[in-house]
Structure formats: structure tokens, C-alpha cells
Amino acid sequence: DAGVIQSPRHEVTEMGQEVTLRCKPISGHNSLFWYRQTMMRGLELLIYFNNNVPIDDSGMPEDRFSAKMPNASFSTLKIQPSEPRDSAVYFCASSTGTSGSDTQYFGPGTRLTVL
Amino acid sequence: GQNIDQPTEMTATEGAIVQINCTYQTSGFNGLFWYQQHAGEAPTFLSYNVLDGLEEKGRFSSFLSRSKGYSYLLLKELQMKDSASYLCALPHAGNNRKLIWGLGTSLAVNP
Numbered sequence: 001d002a003g004v005i006q007s008p009r010h011e012v013t014e015m016g017q018e019v020t021l022r023c024k025p026i027s028g029h030n031s032l033f034w035y036r037q038t039m040m041r042g043l044e045l046l047i048y049f050n051n052n053v054p055i056d057d058s059g060m061p062e063d064r065f066s067a068k069m070p071n072a073s074f075s076t077l078k079i080q081p082s083e084p085r086d087s088a089v090y091f092c093a094s095s096t097g098t099s100g101s102d103t104q105y106f107g108p109g110t111r112l113t114v115l
Numbered sequence: 001g002q003n004i005d006q007p008t009e010m011t012a013t014e015g016a017i018v019q020i021n022c023t024y025q026t027s028g029f030n031g032l033f034w035y036q037q038h039a040g041e042a043p044t045f046l047s048y049n050v051l052d053g054l055e056e057k058g059r060f061s062s063f064l065s066r067s068k069g070y071s072y073l074l075l076k077e078l079q080m081k082d083s084a085s086y087l088c089a090l091p092h093a094g095n096n097r098k099l100i101w102g103l104g105t106s107l108a109v110n111p
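One line per chain: the protein sequences are A and B, in this order. All residue numbers for the first sequence refer to my numbering, where the first residue is 1 and numbers rise by one. All residue numbers for the second sequence refer to my numbering, where the first residue is 1 and numbers rise by one.
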């Protein structure tokens, strides 16, 4: 079975450029989570969707970040314009159900470097 | 608020036993997760505890004491492949779909 798929795996861009990260959750999972991971702050939840609807975006750092989930099998996280402090690994995760005890399954991540 | 503390680094020897601790403060407890993350890879689920006590799963066991705000992960018969970061996570007290993560404990297993 395919796990969570993310693309690209690595992205290097220059400050001011637009960056789009993509995620395909596990088929049948109805919740999708976007995380950012850095050495200093660890894993931080940016936003999560339930049944394609954004439920909580309180972790999105600022208006430069936006996320969409147009259907059950695809989500994007966009940064426009990008800044060097956005450099991090961005993970997408998915889970079934709506309970806090549900296991989250993570994709391989996108390592973003903003120069 | 919620807070999670874990040791930053630990070292152990192949074949030995190691205990990785996690202490937490929360205004509403909804269980505790342990995830494993190898360098450059995604976190993967290890365990979920919601009741006090020890849960054993092969070489890995997880313990929880809700009254003490304390959990540990016990790894037995350590193997080189167990070198990884171990992350403790709590569902948010106000919204249990959101996980609050510790910074992780980086475990190095030496031959």
C-alpha cells in the first residue's frame, strides 16, 4: 500500500520566490496535517483538514503561508513570498477518523532551503 | 498550557536496555504518543498510552503515570538500527486532533 506521498523531496529557492509543496494522503484517510520541523522548534502543526475542510490554521505563521485541499487525494502548502527563515522540513501526515487517539502517518517530507 | 520535556541526547550500547523519559504538563490529558524518527526520514508511530501502566510491544515498551505527568519508552536488546530520535507527543487539551510535540531524544547506539 502506498503511504503518504510528498513532492518535491527537496526544494532550493531564492528569497521572494513562491514555493508550492504537494501532498497525497493515504487513500481512505479523512484527516490531513501539515507540519514544519526545525532543530530549534521541533515539529509544529501548521494546519489540518478534516474531510477536505480546513479545521485549524492557528499554526500558520503568517499570511505568506496558505494551504488548500481541493479533494480527498491532494493538498498543497504554498509560501509566497518565501524567506530564509522558512527553511525547514515540511511534513504532511494523514489519519483516519476524528479522534485524538488516531495514529498519524507521515510522508517523507520536503526539505526546503530558501537562500 | 502544555509543555513536554525530554532529554536531548542519550547514548547506549548494542544489546543493552535504555529508558527514554518524557515529562509533561497539560490542562487536559488525552493520551500520549511515542514516535521514532530516523535521521532524514519521517516520524513513525511506536505507541499510544492513555491508561497508567506498562504496555509491551516486542522489544519496545511504553509506560505512563498520569498522576506524575511522566512517561518512558523502554528499548530492550538494543540494535544499531535503533539509533534515531524518539519523540513524545500529547494531544492538545483544547483540541485533541492537534498534537503537541517534544523536541525529541536523539539516541545513539554504539557497538
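Think of the hints as simulated: they come from the structure by calculation, not from any bench. The C-beta atom is built at its ideal place from N, Cα and C for all residues, glycine as well. Please note that a few of the clues may not be correct.
Unchecked claim - With beta-carbon atoms standing in for the labels, derived distance ranges:
| no. | chain 1 | residue 1 | chain 2 | residue 2 | range |
| --- | --- | --- | --- | --- | --- |
| 1 | A | 96 | B | 7 | 16 to 22 Å |
| 2 | B | 40 | A | 15 | 22 to 28 Å |
| 3 | B | 59 | A | 2 | 24 to 30 Å |
| 4 | B | 54 | A | 63 | 42 to 48 Å |
Unchecked claim - Within a straight-line C-alpha distance of at most 25 Å, the following computed DSS-like cross-link-like pairs (lysine-lysine) qualify:
| no. | chain 1 | residue 1 | chain 2 | residue 2 |
| --- | --- | --- | --- | --- |
| 5 | B | 98 | B | 76 |
| 6 | B | 81 | B | 98 |
| 7 | A | 24 | A | 78 |
| 8 | A | 68 | A | 24 |
| 9 | B | 57 | A | 24 |
| 10 | A | 68 | A | 78 |
| 11 | B | 98 | A | 68 |
| 12 | B | 98 | A | 78 |
| 13 | B | 68 | B | 57 |
To be verified - So these bits of chain A aren't anywhere near chain B, every CB distance computed over 12 Å:
| no. | residue |
| --- | --- |
| 14 | 11 |
| 15 | 35 |
| 16 | 52 |
| 17 | 68 |
| 18 | 80 |
| 19 | 81 |
| 20 | 87 |
| 21 | 107 |
**Report entry** Hints not upheld, ascending by number
**Finding:** Result: hints 1, 5, 6, 9, 15 and 21 break, sorted rising.
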